[in-house]
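> Which chain is which? The protein sequence lines are B and D, in order. Mapping of the first sequence onto this note's numbering: position 338 corresponds to residue 338, and the numbering continues sequentially without gaps. In this note's numbering, each residue's number is its place in the second sequence (first place is 1) plus 1000.
Source of the hints: derived by calculation from the structure; they are not laboratory data. Among the hints, erroneous ones may be present.
In the DSSO-like style, the derived pairs of lysine-lysine whose C-alpha atoms are separated by at most 30 angstroms in a straight line are [as the list claims (entries may be wrong)]:
no. : chain 1 : residue 1 : chain 2 : residue 2
1   : B       : Lys197    : D       : Lys1128
2   : D       : Lys1042   : B       : Lys11
3   : B       : Lys9      : D       : Lys1008
4   : D       : Lys1040   : B       : Lys55
5   : D       : Lys1160   : B       : Lys148
6   : B       : Lys202    : D       : Lys1127
7   : B       : Lys197    : D       : Lys1151
8   : D       : Lys1160   : B       : Lys80
9   : D       : Lys1048   : B       : Lys342
10  : D       : Lys1048   : B       : Lys55
11  : D       : Lys1168   : D       : Lys1151
12  : B       : Lys198    : D       : Lys1008
13  : D       : Lys1038   : B       : Lys197
14  : B       : Lys9      : D       : Lys1040
15  : B       : Lys174    : B       : Lys148
16  : B       : Lys342    : D       : Lys1009
17  : B       : Lys174    : D       : Lys1040
18  : B       : Lys174    : D       : Lys1128
19  : D       : Lys1128   : B       : Lys9
20  : B       : Lys9      : D       : Lys1042
21  : D       : Lys1103   : D       : Lys1128
22  : D       : Lys1106   : B       : Lys198
23  : B       : Lys342    : D       : Lys1103
24  : D       : Lys1103   : D       : Lys1048
25  : D       : Lys1040   : B       : Lys202
26  : D       : Lys1038   : B       : Lys189
27  : D       : Lys1132   : B       : Lys342
28  : B       : Lys293    : D       : Lys1040
29  : D       : Lys1042   : D       : Lys1132
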Amino acid sequence: MNHTFHISKNKSNLELRSHIVRCIREFFWDKNFLEVETPLIVRYPGQEPNLSPMKVDIRDELGKIFRGHLHTSPEYTMKKMLASGFKNIFSICKCFRNEESFGGLHNPEFTMVEWYRVSSNIFEIMDDVEQVFAFVAEEMQTVISNLKLENNYQLPITNYQNSFVRMQMRDLWKEVLDVDLDDYLNRDKMFELCVQKKYNPKEDESYEELFYRVFLNEMEPKLREIGNIIVYHYPAQMAALSKLYDDDPRYAERFEVYVDGMEIANAFSELTDAGEQLKRLQDEQEERRRLGKEIYDIDMEFIESLRNMPECAGIALGVDRFVQVLLGCKNINDVLVLPMSKLFSS
Amino acid sequence: MGDTTDIKKGTVVRHNGQLFVITSFQFVNPGKGQAFFKCKLKAIGGDKGMEITYKSGETIDTVQVQHTNLQYLYSSGDMYSFMNQSSYETVDVSADVLGDDSKFLKEGIDVVGSMQGEAIVAIQLPKKISYKVVTAPPAVKGDSTSGNVTKEIELDNGLKIQAPIFIKEGEEIVVNTETGEYGGRASE
């Protein structure tokens, strides 16, 4: 009876979730975005050093085995579509990531909305984020009044107009630590800062690892205090799939969205330089090797596609977390029909 | 020495020379960045609380503790008394060691205490505890779209939880102490 009890207990959350997802679709349809479906099974998974893709073996009719992976995000396929002439596109899909917690902020199977704008940059995507929050929260007022929920149910926050603070990473560091991030853009300086802060870093830690030690311990409480915040301009070492600023290549055109300290979206002005992207993926392979993680071949079709990809910007926003924020649910399990913890609990 | 796979409620760690016990933790993996465990800790023998963020896989200076079986007896004020089942002595544990877990305590249940020297620094509850239902409002067959599919019931130790509407007074039910949720009828 555990399964039906979980579903019954969260029935209104699940019902509201369904309407939230509908509103997200309406938001993008109104802006002339095309909804696309990408394969969930891919041959080459993402290379992010901290992600563990799930393996899946597929057999053809003769029993020949093909090793695939459940995608960790639809990013590579959507970029191949952009390179093939698609303009503004969005996808609402399940994504899969292994070795994550069953509940809390994670479920190994989760839902993402990912969208791309051609001839655009991160600032337009920031506008989208702010507008999608405002639009969905407003639409949900009508939904909630029509559903006649118990005890005059209301969303914790009904108005998201102008609710997001936009802050450069550099300004955040200045405000919290009173240091200039420009002075901490190399590994040795960041290492020194970590030692000074008594984080006991190891000698072989990468810039990114050291950066996150400071960010998580020092900035994160500030993000919680601010509430809704978009942090942008990341050090180039953490560019991932974003492009660097033409006028200041020490920083990358990347932003993240935090609500009460919880990261809910990550966005880039997308890197369109195939050679640079190949080099970064090779570096990530190296990093995976250092961390003792499985190493994957690089998707050369993806690299090649970048040669034809238009200038664009894109973002991945966690739908489950978006629902959590709108409904005020602390645990992701409360917005999922059957979370992993229920599937595998005795 | 240990690493982040040792992180759980009750783990004792040494941080900058001082002993702390982990009271709660959360795993976070940003995907495009470092995965980490955000831990809340409490200083042993003091009130000082703090948060530490460990990188996933990082070495942690964990401290070995002794485990001892205890039986819960009663509470008085901010003190909870247990019987040490090997020495039959009564040991007192302060409310801040138990934290939110105190709401699950019920006379006679067996728990595991973590000892650091002579002090009990953490209590581990059984994963599931059975309780008798003392108050359960009768089920009202209502409009199912109103979301009225669970109800609040009260258990024999005063704990109130959400349960399915078919649960009646006098029944024995099980509560999952990790989630604080209804976990089925005791007989199921």
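> Hint numbers the structure violates, sorted upward?
1, 2, 4, 6, 7, 8, 9, 10, 15, 18, 20, 22 and 29
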